[in-house]
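There are 2 protein chains.
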Amino acid sequence: MLRLFPEPTARLAVEDVYRDVFFPEQRERPYVLINMVSSLDGKAVVEGKAGSIGSPTDHTIMRNLRARADAVMIGAGTLRAEKLTLAVPENLARGREACGFDPQPLAIVVTETGDVPLQTNLLGSLPDNLLVLAPSEIPGERLAALSAHASVEVVPKEKASTAPEGFGARRAEPGARLDLARSLEALKERHAVGLLLVEGGPALNHALVSAGLADELFLTLAPKILGGVRLEALTILEGPAVPLLKTEPKLISAHLSDDELFLRYALSSSARSS
Amino acid sequence: MLRLFPEPTARLAVEDVYRDVFFPEQRERPYVLINMVSSLDGKAVVEGKAGSIGSPTDHTIMRNLRARADAVMIGAGTLRAEKLTLAVPENLARGREACGFDPQPLAIVVTETGDVPLQTNLLGSLPDNLLVLAPSEIPGERLAALSAHASVEVVPKEKASTAPEGFGARRAEPGARLDLARSLEALKERHAVGLLLVEGGPALNHALVSAGLADELFLTLAPKILGGVRLEALTILEGPAVPLLKTEPKLISAHLSDDELFLRYALSSSARSS
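As given, the protein sequences belong to chains B and L, one line each in that order. Note that the first sequence covers residues 62 to 335 in the numbering used here. Note that the second sequence covers residues 62 to 335 in the numbering used here.
If we strip away everything but chain B, and leave its shape as in the complex, we get:
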């Protein structure tokens, strides 16, 4: 692994990438990192799945970031698309414990509809370390079913119709209409989440970035050209045009391993000035 930026160039072990990075605190909400992998042609989700785009090195770096986070969040659509885990492996869990943290970050799934296949698709998270963010409008039986396997935090919907009219709305993706600002405040206040890692999907990323709630983007650029017709191949962020002033990404660091680039960008003013 080669650190290309900032200078000077340096060699380091994959395990050490982002290990000693400093993340500032936000006052009212968690400091939010988004981590995604994309092909050179911008494809981040192929037939619903993101798992096979990055290399084993990318997966290691994803786990490095999880090991730093108080909580790891995904949208329910991402969980519906494939089996996955939000946990860190045993050695990283021991490292967290040794530093006084919970061995595992809190696993969070955001849902708009309550259709969250926790039992079949979410691996490695126990009910007492699993939180579902859902609106009060979801059917009672779904709420009851979710409550059997996770804590459920009921959060309000947005008042204004700022929901994406494209992908997000049509697919009824989570995050598109939940009030994410209020949701993040609840995570900080009631669940002590200071550092939140978000791992997609594209509609949740879009909602966070558009609302100015994302502080940093960790973008892995995989050395692949995937193609794929629309609706089967999604970019890291799907939704209406993002106001340019909402984000002025600034490159914080760049690492290279086997033609795969690991890029860290500041998105918010908090991140840019830290």
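Simulated from the structure, these hints should not be mistaken for lab results. Heads up, some of the hints might be wrong.
For identical chains, the list gives no copy identity; a pair is met inside one copy or between any two copies.
Capping the alpha-carbon separation at 20 Å, the derived lysine to any residue pairs in SDA-like fashion look like this [as the list claims (entries may be wrong)]:
| id | residue 1 | residue 2 |
| --- | --- | --- |
| 1 | K110 | A302 |
| 2 | K249 | R88 |
| 3 | K311 | P284 |
| 4 | K249 | A206 |
| 5 | K311 | P117 |
| 6 | K311 | R64 |
| 7 | K311 | A206 |
| 8 | K311 | T118 |
| 9 | K110 | A142 |
| 10 | K311 | R333 |
| 11 | K311 | S116 |
| 12 | K110 | R291 |
Following the hints, position chain L against chain B.
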């Protein structure tokens, strides 16, 4: 401008990026470079247009590449979307002349339908330096109209139905069904094009990459998050899934200027071994 890779890190003037790069020759066709700019979220064309995604530095580097090429090619859809030029500025034209080349690279527009707004949208190319690649099936009056403003090379269509079924076919984009292998052979044999620079659009890029006809990808990663609903925001390459074996991108170099990354990838075996 900072060269990040290959090591060692070096500062250089924007004008010098890619100036002394070596491009190998192909035997039967031109050596093909694709140059595109994309946002961090993979958007390369917004409402049909690509011109405003890259910075002035990106535009300078685009012209550096043009100055190296025997010909610059685009798809007709790209020309229909906005006014543009395929020419190099005066100082670069003089430099080419001093080295025994034509002052301007040959401008090439690929069309499937003959709908090519040369007079209104293509700036800075004279008829004797302008070539349209078109299939014989286009209406006679369109062929005649094009011939008044450009040379027209009539090229065959592909026999097999390998045309993309998604974006390319629906939008009747050029390149989707022309026989690009035969077209490139004609460019080499009849127009002495040894080095061809392709500047999109996404359907033409897809057709070239899928056919194994692209040797290198120059990808500018602009520090922007654009969003944009589908069909208004395209990636650098639009079409069906690309067979993985058709391309194993290898990073040749990476430059950085004001948070904008300039990445050069080898795509073909000729490029990888050079």
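> Quick one: K311 to R64, C-alpha cut-off 20 Å, is that within a copy, between copies, both, or neither?
Replying inline: both (17 Å within a copy, 17 Å between copies)
> From the Cα coordinates, with 20 Å as the cut-off, is the pair K110 and A142 best called within, between, both, or neither?
Replying inline: The answer is within: 6 Å in one copy meets 20 Å, while 33 Å across copies does not.
>> Regarding K311 and P117, is the shortest C-alpha distance of 20 Å or less found within a copy, between copies, in both, or in neither?
In response: between (26 Å within a copy, 17 Å between copies)
>> Checking an output row: K110 and R291, CA cutoff 20 Å. Within, between, both or neither?
In response: The answer is both: 14 Å in one copy and 18 Å across copies each meet 20 Å.
> Between the shortest in-copy and the shortest cross-copy C-alpha distance, which are at most 20 Å for K311 and S116: within, between, both, or neither?
Replying inline: between (25 Å within a copy, 14 Å between copies)
> Given identical chains, is K311 near P284, meaning Cα to Cα at most 20 Å, within a copy, between copies, both, or neither?
Replying inline: between (22 Å within a copy, 7 Å between copies)
> Given identical chains, is K311 near T118, meaning Cα to Cα at most 20 Å, within a copy, between copies, both, or neither?
Replying inline: between (24 Å within a copy, 16 Å between copies)
> Given a CA cutoff of 20 Å, do K311 and A206 count as a within-copy pair, a between-copy pair, both, or neither?
Replying inline: neither (43 Å within a copy, 48 Å between copies)
> When no copy is named, should K249 and R88 be tagged within, between, both, or neither for a Cα gap of at most 20 Å?
Replying inline: Within one copy only: 9 Å inside, 63 Å across.
>> For K249 and A206, with the copy left unspecified, which applies at a CA distance of at most 20 Å: within, between, both, or neither?
In response: So K249 and A206 fail the 20 Å test inside a copy (25 Å) and across (66 Å) alike.
> At most 20 Å between C-alpha atoms: does K110 with A302 qualify within a copy, between copies, both, or neither?
Replying inline: This pair counts as between: shortest inter-copy Cα distance 14 Å, intra-copy 23 Å.
> At most 20 Å between C-alpha atoms: does K311 with R333 qualify within a copy, between copies, both, or neither?
Replying inline: For K311 and R333, the Cα distance is within 20 Å only inside one copy (7 Å; across copies 31 Å).
The structure is inconsistent with the numbered hints 4, 7, although it conforms to all the rest.
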